[in-house]
Amino acid sequence: MELTHFIWLVTKALLMIAVVMGCSAYAVLLERKVAAAIQWRPGPNRTQIPIFGGLPIIGRILTRIGIFQPVADGLKFVFKEEPFPKHVNTFYFLLAPMVAFIPAMTTMTVMPFGVYTNEAGEAAPLVLANLDIGILFILAVSSLGVYGIVLGGWASNSKFPFLGGIRASAQMISYELAMGMALLPVLMWFGGSLNLFDIVQGQSAHMFKWTIIYQPLSAFIFLVALFAETNRLPFDMAESETDLVAGFNTEYGAFKFGLFFVGEYAHIIIGSGVFTLLFLGGWYPPFFTDALPEGWIGSVLSVLIFFFKVLGLVFFFMWIRWTLPRFRYDQVMKLGWERLLPLAIANLVAYAIIIALIAQIQN
Amino acid sequence: MAIKVVERKPLSLAERTYLPQIISGLGITMKNMLKPAVTLEYPEERPDIPVGYRGVPTLVKDSNGREKCVSCQLCEFVCPPKAIRITPGGIDESSEDAHVEKAPQEFEINMLRCIYCGYCQEVCPEEAIWLQNMFSLNGLSREELIFKKKKLYELGGTLPDNHFKWDKKQDAEKAGNAH
Amino acid sequence: MTIGLEHYLFVSVLLFAIGFFGVLLRKNTLVVFMCLELMLSASILALIAFSRYHSTPGHPLMEGNLLVMFIIAIAACEVAVGLAIIVALWRRNQTVELSEINELKH
Amino acid sequence: MKEIFFLIFAVLTILTALCVPLSRKPVNAAMNMLVSFVGLAALFVLLETYFLAVLQVMVYAGAIVVLFLFIIMLMDANQSPPPKLVRFLASFAALALLAVGGYYLVFGCGSGPYPEISAAAPAALSRTFGVELFTKYLLPFQMTGFMLLIAMVGVIVVSRKHEPETTGGEK
Numbered sequence: 001m002e003l004t005h006f007i008w009l010v011t012k013a014l015l016m017i018a019v020v021m022g023c024s025a026y027a028v029l030l031e032r033k034v035a036a037a038i039q040w041r042p043g044p045n046r047t048q049i050p051i052f053g054g055l056p057i058i059g060r061i062l063t064r065i066g067i068f069q070p071v072a073d074g075l076k077f078v079f080k081e082e083p084f085p086k087h088v089n090t091f092y093f094l095l096a097p098m099v100a101f102i103p104a105m106t107t108m109t110v111m112p113f114g115v116y117t118n119e120a121g122e123a124a125p126l127v128l129a130n131l132d133i134g135i136l137f138i139l140a141v142s143s144l145g146v147y148g149i150v151l152g153g154w155a156s157n158s159k160f161p162f163l164g165g166i167r168a169s170a171q172m173i174s175y176e177l178a179m180g181m182a183l184l185p186v187l188m189w190f191g192g193s194l195n196l197f198d199i200v201q202g203q204s205a206h207m208f209k210w211t212i213i214y215q216p217l218s219a220f221i222f223l224v225a226l227f228a229e230t231n232r233l234p235f236d237m238a239e240s241e242t243d244l245v246a247g248f249n250t251e252y253g254a255f256k257f258g259l260f261f262v263g264e265y266a267h268i269i270i271g272s273g274v275f276t277l278l279f280l281g282g283w284y285p286p287f288f289t290d291a292l293p294e295g296w297i298g299s300v301l302s303v304l305i306f307f308f309k310v311l312g313l314v315f316f317f318m319w320i321r322w323t324l325p326r327f328r329y330d331q332v333m334k335l336g337w338e339r340l341l342p343l344a345i346a347n348l349v350a351y352a353i354i355i356a357l358i359a360q361i362q363n
Numbered sequence: 001m002a003i004k005v006v007e008r009k010p011l012s013l014a015e016r017t018y019l020p021q022i023i024s025g026l027g028i029t030m031k032n033m034l035k036p037a038v039t040l041e042y043p044e045e046r047p048d049i050p051v052g053y054r055g056v057p058t059l060v061k062d063s064n065g066r067e068k069c070v071s072c073q074l075c076e077f078v079c080p081p082k083a084i085r086i087t088p089g090g091i092d093e094s095s096e097d098a099h100v101e102k103a104p105q106e107f108e109i110n111m112l113r114c115i116y117c118g119y120c121q122e123v124c125p126e127e128a129i130w131l132q133n134m135f136s137l138n139g140l141s142r143e144e145l146i147f148k149k150k151k152l153y154e155l156g157g158t159l160p161d162n163h164f165k166w167d168k169k170q171d172a173e174k175a176g177n178a179h
Numbered sequence: 001m002t003i004g005l006e007h008y009l010f011v012s013v014l015l016f017a018i019g020f021f022g023v024l025l026r027k028n029t030l031v032v033f034m035c036l037e038l039m040l041s042a043s044i045l046a047l048i049a050f051s052r053y054h055s056t057p058g059h060p061l062m063e064g065n066l067l068v069m070f071i072i073a074i075a076a077c078e079v080a081v082g083l084a085i086i087v088a089l090w091r092r093n094q095t096v097e098l099s100e101i102n103e104l105k106h
Numbered sequence: 001m002k003e004i005f006f007l008i009f010a011v012l013t014i015l016t017a018l019c020v021p022l023s024r025k026p027v028n029a030a031m032n033m034l035v036s037f038v039g040l041a042a043l044f045v046l047l048e049t050y051f052l053a054v055l056q057v058m059v060y061a062g063a064i065v066v067l068f069l070f071i072i073m074l075m076d077a078n079q080s081p082p083p084k085l086v087r088f089l090a091s092f093a094a095l096a097l098l099a100v101g102g103y104y105l106v107f108g109c110g111s112g113p114y115p116e117i118s119a120a121a122p123a124a125l126s127r128t129f130g131v132e133l134f135t136k137y138l139l140p141f142q143m144t145g146f147m148l149l150i151a152m153v154g155v156i157v158v159s160r161k162h163e164p165e166t167t168g169g170e171k
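Protein chains in written order, with our numbering: chain A, 1 to 363; chain B, 1 to 179; chain C, 1 to 106; chain D, 1 to 171.
Looking at chain A on its own, in the form it has when it is part of the complex (with noise of 0.2 Å):
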């Protein structure tokens, strides 16, 4: 490997970071946007920066949209007293903001968000590594990210965080199960790659070839499941701040709690961006039949369908945080294990009998 070509692939997984992170931080304002709207409110619409915020008109509407607003919410993580209670277990009490943050930014490395035609006039994804396994190596890492919230809850040594622990463990270990469960028939759909790129080819055409279409029931136990494993509300056990002050992260403060927060925004993105691939057609448009335009105009179209599907979907994360209220914890495991996972099993066996059929009929 040359150094060039390491140096250009350190780099792109750098830009790639630099907009994971200034997606979630965006995240964090349509959240509060959304919040507001729903509740009657305007929402953060006061922040400025000198230059941008003085501008005549333009200034002010983005004033008013609160585009400035990650960047203050920034600064006061980095700029407010670093709380460190005495209690605590020092190493993993560091460690788990980091440990929580990582798994986020790792798997986005096998995350396609294009497409563009190579030189050899074939499609291909862009993407960092378009690996064979993609999508295990998603759900392999993201399931590290658990850590970041046990070790967070066991290290602050008292009672509140120690139960949102507890509860986060438990919750993530049942709810994988239906989530891989809920995976597989899409797979068998496909052909049984576990390429994330040969999954979204495969769904090209148009809105009726998508995977939500024909699997319905595997796409809503998957984002059930993708809610609990993001720990978005109803499902957000580990820091259920009316039972737990604020679970795991009751004792953190300033820039640890800006990297849990973040981390968090940045789970729901890549778990967003997942579901658009398998089961939202990835980045084609829903309606017309032909694929993509050519060159580099079909490639920035494909990032931008990708990246407003995305959105939407982060939109609808937002949208259930503000109308549901939270299930009680022996709902959440009751949930889990007695009513998707039967049905995740159930599903699975129906579709490897029509999947089978269809092969049957075919031949």
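Calculated from the structure, these hints are not laboratory results.
For clarity, every value in this text was computed on a predicted model and none was experimentally measured.
The beta carbon of each residue, even a glycine, is placed where N, CA and C say it ideally should be.
Hints may contain errors.
Covered by chain B, according to a simulated footprint, are these stretches of chain A (three or more residues, beta-carbon under 8 Å) [unchecked claim]:
{"id": "1", "region": "30-37"}
{"id": "2", "region": "171-180"}
The calculated label-pair distances, taken between Cβ atoms and stated as ranges, are [unchecked claim]:
{"id": "3", "chain 1": "D", "residue 1": "L74", "chain 2": "B", "residue 2": "L26", "range": "32 to 40 Å"}
{"id": "4", "chain 1": "B", "residue 1": "A14", "chain 2": "A", "residue 2": "W8", "range": "27 to 35 Å"}
{"id": "5", "chain 1": "D", "residue 1": "G154", "chain 2": "C", "residue 2": "E97", "range": "46 to 54 Å"}
{"id": "6", "chain 1": "A", "residue 1": "W8", "chain 2": "D", "residue 2": "L95", "range": "54 to 62 Å"}
{"id": "7", "chain 1": "A", "residue 1": "W8", "chain 2": "D", "residue 2": "L149", "range": "46 to 54 Å"}
{"id": "8", "chain 1": "D", "residue 1": "G154", "chain 2": "B", "residue 2": "S12", "range": "33 to 41 Å"}
{"id": "9", "chain 1": "B", "residue 1": "V5", "chain 2": "A", "residue 2": "R41", "range": "15 to 23 Å"}
{"id": "10", "chain 1": "C", "residue 1": "L24", "chain 2": "A", "residue 2": "Q362", "range": "56 to 64 Å"}
{"id": "11", "chain 1": "B", "residue 1": "K31", "chain 2": "D", "residue 2": "R24", "range": "43 to 51 Å"}
{"id": "12", "chain 1": "A", "residue 1": "E241", "chain 2": "B", "residue 2": "P43", "range": "27 to 35 Å"}
Lysine to any residue pairs mimicking SDA-like chemistry, simulated, CA-CA at most 25 Å apart [to be verified]:
{"id": "13", "chain 1": "C", "residue 1": "K27", "chain 2": "D", "residue 2": "Y137"}
{"id": "14", "chain 1": "B", "residue 1": "K82", "chain 2": "B", "residue 2": "Y116"}
{"id": "15", "chain 1": "B", "residue 1": "K35", "chain 2": "A", "residue 2": "I345"}
{"id": "16", "chain 1": "B", "residue 1": "K149", "chain 2": "B", "residue 2": "E96"}
Assemble chains B, C and D onto chain A, guided by the hints.
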């Protein structure tokens, strides 16, 4: 009163999946999302203050520009938190308002103590002290929030006085039927 | 230095030895159990290395790799059962120390 | 490049594995085991067995260690004293002997780098695993499934709460 036992009906299958309820809930939040915001953006927009609002107590002058307060000290007595302090004083003989006889030499309202009860306004025989519609009060030091006479007149301004009690008295005196 | 089979086997042997002595020396049931897992992983590494080094262009070897899949499944089973037993023991005796769980001895 | 990565990950795996029996707190042991498993998965990647590497991370790191942590936290086990110094030294000597012995044992005969099979090694493809598993190894596969079922039943039986007179300690 008879006790009525309400039968708890078992949930139907659709209800047990929670889905219809979730969807209707999503509909409600979406409807609310499309409604305009009702927030008052405070420093730029000010609320409409209702008539009779009792804000910061101020001293007022009558339409001739004469200070109404005659330093009777009733407000000082009635004030529950003892926020008012008056130093009574006379009026210069040569002045036009000499017939009023008295005016406060110094008038202090300690806004750190004031509870906006409005007793001072109620008790004032001269209608000299008014709780006006100013509601946002702030300062950088404790001294700044002990309002002196000058500041109180600045805040109060002039209110029309329809009685002209002292002028009438003077007229009556001149006409020779003082009581 | 080229990485040969023996290097992987060396790592595997070391890992196995660590696990083995952990099982022998520790008294905490949980740590003993973790060391058992280490021994299993050591065997997995050896199997994969053998499988990879003994395949030739004409004959890709999959036996070792498939055995590894079975081992992983068995390890998952073992952990579930073992942890259940440990929890049951703890409920009974309020301890996870092997030296204190000696009812059968007396 | 490959050699450097091998050395890094091998050392990481061995050192963290060594910390497992040596750590006082079970939580430290579990975390060290986690790092060791991830390092092992990296070694699998170097052997071009990507599928098993991901499986290793998913099953061991994603499920088994979480289960360990869960149990450790649930039981709040008190710290056990570490092995006594003499025993520790003795075991370490034995370990060193074993290591050196193993070293000479395996370095007596040398084997070169592994042969290049194709651009994508068969062990990297998940499809090969599936085909082999459902043709040649169907019976063991089904037996494994049956064993998982037995384990599940066993766990449920073991962890069920018994009648009050046999249950001691925790409610």
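Consistency of the hints with the structure:
1. 30-37: Check passed, 3 qualifying residues.
2. 171-180: Per the Cβ count (0), the hint is violated.
3. D:L74 with B:L26: 32 to 40 Å: 37 Å, holds
4. B:A14 with A:W8: 27 to 35 Å: 55 Å, violated
5. D:G154 with C:E97: 46 to 54 Å: Cβ of D:G154 to Cβ of C:E97: about 24 Å, so the range 46 to 54 Å is violated.
6. A:W8 with D:L95: 54 to 62 Å: 44 Å, violated
7. A:W8 with D:L149: 46 to 54 Å: Taking Cβ atoms as reference, A:W8 and D:L149 lie about 50 Å apart, which means the hint holds.
8. D:G154 with B:S12: 33 to 41 Å: Once the Cβ atoms are compared, 38 Å apart, the range 33 to 41 Å for B:S12 and D:G154 holds.
9. B:V5 with A:R41: 15 to 23 Å: 43 Å, violated
10. C:L24 with A:Q362: 56 to 64 Å: 59 Å, holds
11. B:K31 with D:R24: 43 to 51 Å: 59 Å, violated
12. A:E241 with B:P43: 27 to 35 Å: At 30 Å between Cβs, range holds.
13. C:K27 with D:Y137: 39 Å, violated
14. B:K82 with B:Y116: Between B:K82 and B:Y116 the Cα gap is close to 12 Å, so the pair holds against 25 Å.
15. B:K35 with A:I345: 42 Å, violated
16. B:K149 with B:E96: 20 Å, holds
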